Amino acid sequence: MNAGLEFLRKLDDFAGLGRRYVLIREFTTNENYGKPPEQRSLDELMRLGVISLDKPPGPSSHEVVAWVKNLLGISKAGHGGTLESSTP
Amino acid sequence: MTGVLPIALGDAVKLIGFLMQSSKEYVAVMQLHGSVDVGALREVIDLFVGKIYQKPPVRSSVKRVLRVREVFGLELVEYEHPYVLLRIDCEHGTYARKLIHDIGDVLGVGAHMRELRRTRVGPFKESSGLVRMHDLSEYTYLWRVERDPRMLMKTIMPGEYLVSHLPKVIINDAAASAVAHGADLTVPGVSTLHERIRKGDVVAIFTLKGELVAVGVAQMHTEEVLQTRKGLFIKTKRVIIDRGVYPPSWRKHPSLKNGPSYQ
Chain A
198 MNAGLEFLRK
208 LDDFAGLGRR
218 YVLIREFTTN
228 ENYGKPPEQR
238 SLDELMRLGV
248 ISLDKPPGPS
258 SHEVVAWVKN
268 LLGISKAGHG
278 GTLESSTP
Chain B
-15 MTGVLPIALG
-5 DAVKLIGFLM
5 QSSKEYVAVM
15 QLHGSVDVGA
25 LREVIDLFVG
35 KIYQKPPVRS
45 SVKRVLRVRE
55 VFGLELVEYE
65 HPYVLLRIDC
75 EHGTYARKLI
85 HDIGDVLGVG
95 AHMRELRRTR
105 VGPFKESSGL
115 VRMHDLSEYT
125 YLWRVERDPR
135 MLMKTIMPGE
145 YLVSHLPKVI
155 INDAAASAVA
165 HGADLTVPGV
175 STLHERIRKG
185 DVVAIFTLKG
195 ELVAVGVAQM
205 HTEEVLQTRK
215 GLFIKTKRVI
225 IDRGVYPPSW
235 RKHPSLKNGP
245 SYQ
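Chains as they are written, first to last, in this note's numbering: chain A, 198 to 285; chain B, -15 to 247.
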């Protein structure tokens, strides 16, 4: 069993996906290239990462994204689904 | 309005679209404008489970035409007049505020949404743990000032989690390189795949190390992939991995080996 499959099972558990896997062919991966996602550096995480944030009631989803970008000093970030900011 | 707001960092923003199409869960407080008995309330709430018609509210980001949305579950958690605590499990694009307004209309007394908290966006659940803005700013301080990035690194999950709800396929290094360059995925490069993938499903493609290569649309069922040795399996839609991560495996045309020659 490869390390990639182990990580994919973690993703499945996170999403509550109970599907099984079917192995077709065994391959080996060249250790000189690529990197398991869980070994990413902070810099690499900020280039391909996600934060499950608890949005507070005040700011809009858009403002929260701007705040995160500014805090981490990154140029690209986005949110998954607007959560309206307050009761009109 | 509070609750789960997944924030994609860097190239992970390309994956947000696949998350938006997934279902959402809310906890909402409905304020009734008149008294009703619990029996009637339960009956009316049950009417709103399943496919419902909704016209987006005046203040919304989409065109205001009547559309169909599915409410997968609607649970009355608590009722203490005039407040009703509801748990709503619904399709993306369902307006909780509108749903509650409509429930009030059918009840005959009227109602409005008093509070809303999102408890799930696709695979991201409140119960899996959320990061508060306060925590994030503290961890950033630890990283920048105390030179300790550990908490921040624990807080940022690999971007792969954004597609954790999709069916998955693992491919070899050579295929990963081809897909990184925009090629579609063919059967010979496939190592492992989820059972019950259907033609037309949006699937996530991973390397043998677990890195997300791309997201695409399946052109075969899992069973077909098992029975054939060749053919197009996944049409690539969104490439995530960088081109240089895995070396190209295909042979360049001999005449191009040393660059184009001009004679």
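There could be a bad hint or two in this list.
[Unchecked claim] Below, a list of computed lysine-lysine pairs in the PhoX-like style, where the Cα atoms sit at most 25 Å apart:
no., chain 1, residue 1, chain 2, residue 2
1, B, K109, A, K266
2, B, K138, A, K207
3, B, K109, B, K138
4, B, K(-2), A, K273
[Stated by the list, open to error] Covered by chain A, per the in silico footprint, the following chain B stretches (three or more residues, Cβ under 8 Å):
no., region
5, -12 to -5
6, -2 to 12
7, 28 to 39
8, 58 to 64
9, 117 to 131
10, 142 to 149
11, 201 to 211
Because the hints were derived from the structure by calculation, they are not lab data.
Source: prediction; values computed, not measured.
Beta carbons: idealized from backbone N, C-alpha and C, even for Gly.
Consistency of the hints with the structure:
no., hint, in the structure
1, K109/B - K266/A, "23 Å, holds"
2, K138/B - K207/A, "15 Å, holds"
3, K109/B - K138/B, "17 Å, holds"
4, K(-2)/B - K273/A, "10 Å, holds"
5, -12 to -5, "holds (count 8)"
6, -2 to 12, "holds (count 4)"
7, 28 to 39, "violated (count 0)"
8, 58 to 64, "violated (count 0)"
9, 117 to 131, "holds (count 5)"
10, 142 to 149, "holds (count 8)"
11, 201 to 211, "holds (count 3)"
In summary, the structure is inconsistent with hints 7 and 8 from the numbered list given earlier, while agreeing with the others.
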